[in-house]
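Colleague: Read off the chains here:
2 protein chains.
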Amino acid sequence: MITLYHHPFSASSRFIRLVLAEMGVSADLQLERPYERRRAFLLLNPAGTLPVMEENGGPPICGASPILEYLDETRGYGLGDRRLMPDNPEARAEMRRLVDWFLGKFDAEVSGYLVHEKIMKLEMPRSAGSTEPDSGLIRVARANVRHHMKYLGYLAGSRDWLAGPRLTYADLAAAAVLSTIDYLGEVPWDVDDHARHWYQRIKSRPAFRTLLTDRAAGMPPAPVYANLDF
Amino acid sequence: MITLYHHPFSASSRFIRLVLAEMGVSADLQLERPYERRRAFLLLNPAGTLPVMEENGGPPICGASPILEYLDETRGYGLGDRRLMPDNPEARAEMRRLVDWFLGKFDAEVSGYLVHEKIMKLEMPRSAGSTEPDSGLIRVARANVRHHMKYLGYLAGSRDWLAGPRLTYADLAAAAVLSTIDYLGEVPWDVDDHARHWYQRIKSRPAFRTLLTDRAAGMPPAPVYANLDF
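Chains A and V, in that order, give the protein sequences.
So for the first sequence, the numbering used here puts the first residue at 17; every next one is plus one.
So for the second sequence, the numbering used here puts the first residue at 17; every next one is plus one.
Any given hint might turn out to be false.
You can't tell identical chains apart in this list, so a pair holds if it fits in one copy or across any two.
Unchecked claim - Calculated pairs, DSBU-like style, for lysine-lysine (alpha carbon to alpha carbon, straight line, at most 30 Å):
hint : residue 1 : residue 2
1    : Lys134    : Lys121
2    : Lys137    : Lys121
3    : Lys134    : Lys166
FYI, nobody ran anything at the bench for these hints, they're computed from the structure.
Quick caveat, the model's predicted, so the values are computed rather than measured.
Required output: the full structure, derived from the provided sequences and hints.
Modeller: If you want it as structure tokens, here you go:
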């Protein structure tokens with residue numbers, strides 16, 4: 017049995033939920049609010065970050081990339097053609113670069129700001145440092161996201177999937193991070209048609225359904241969020 | 017033939033140099049100054065970050081973790097007992113968590129500030145945004161490093177090597193990032209004896225020698241830097 021400590025608006029947590037769903041692996045989802053700095057959680061992951069996974073009471077597996085590699089090492093081979101890991105070392109490196117790009121760079125420059133300012137600040141108590149949304153940071157994110165959509169469109173337009181001819185972890189990482197700001201209606205879908213068509217394909221996969229029922233306290237989803245034809 | 021785009025004071029670049037040296041793989045080192053945002057380099061890695069590796073004119077492999085995995089996939093098996101990757105998935109996850117901890121968290125909270133303020137600002141032209149060192153950031157790094165040394169000491173005191181019974185990529189990542197601030201005399205070696213003894217062991221390895229001759233423009237190394245008995 018797998019336990020996943022997650023938050024519905026942590027992009028890296030969403031990524032692992034998508035990976036588990038694509039693999040057909042069920043998990044016990046435990047909601048964790050990192051800003052609470054819960055002692056038992058910090059003992060699992062001293063960095064205090066999400067996601068964290070445990071299997072059968074074994075040691076905690078901390079962070080999106082270590083979990084990705086663990087799941088691939090323990091389940092990948094059995095998935096055959098549906099394996100999310102490319103076959104050769106160069107293609108794997110490109111997949112890993114893109115996972116880092118979306119969960120690291122995209123989240124740091126775009127979705128991290130938007131989710132923190134528009135969702136987490138509503139959820140966090142004042143004692144955890146919550147204040148009014150910072151409109152300056154929201155403007156920065158809205159400028160940055162347009163550059164990122166162009167790059168996503170470039171990738172989607174020159175390859176079948178983001179890292180090559182097959183669906184890989186890179187697509188799930190990109191979709192996870194985009195889905196957090198699609199909830200807020202903050203994805204400029206007009207920037208690039210390749211990006212929009214790629215997202216339509218991935219959003220219509222059965223694995224994606226679990227994300228579409230996520231709700232943030234006090235912030236309903238944008239109308240586009242659960243719409244497959246946006 | 018391997019080409020490595022690196023900077024002598026990029027912790028992640030130092031990590032890959034240590035990995036290559038431990039594996040006995042020679043590489044053509046190409047100095048890259050990321051703040052120049054050189055166009056040919058951005059075509060290799062749109063994120064503009066180091067390190068980037070190429071093998072035999074193949075596609076660029078971008079980032080410390082993707083390079084680690086590539087090198088292990090292509091050379092690890094042949095190294096037998098000297099392989100830097102643990103044998104089972106749980107232990108691999110712990111190694112990967114620690115690589116992320118040192119190259120990510122430690123660098124973001126400690127060495128990134130110190131290296132940028134004390135070395136890179138001397139090297140960067142004014143046009144790249146160079147200003148005087150920020151003493152506030154240096155103070156923050158000096159406070160943070162003491163917590164990190166305690167955690168390093170806890171790991172080194174409870175295991176033979178940082179991730180378990182064998183030398184792994186985690187030790188090389190930790191040593192790489194520490195070495196950048198040891199150059200500046202900024203490691204508080206009095207905090208924890210386990211941490212100091214662990215670093216003495218790793219610093220005396222032949223692979224480490226390549227780092228000890230690195231020099232920063234206008235900033236000579238602290239006396240402790242090349243001293244194996246500090």
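Colleague: Which of the numbered hints above does this structure break?
Modeller: No numbers; nothing is violated.
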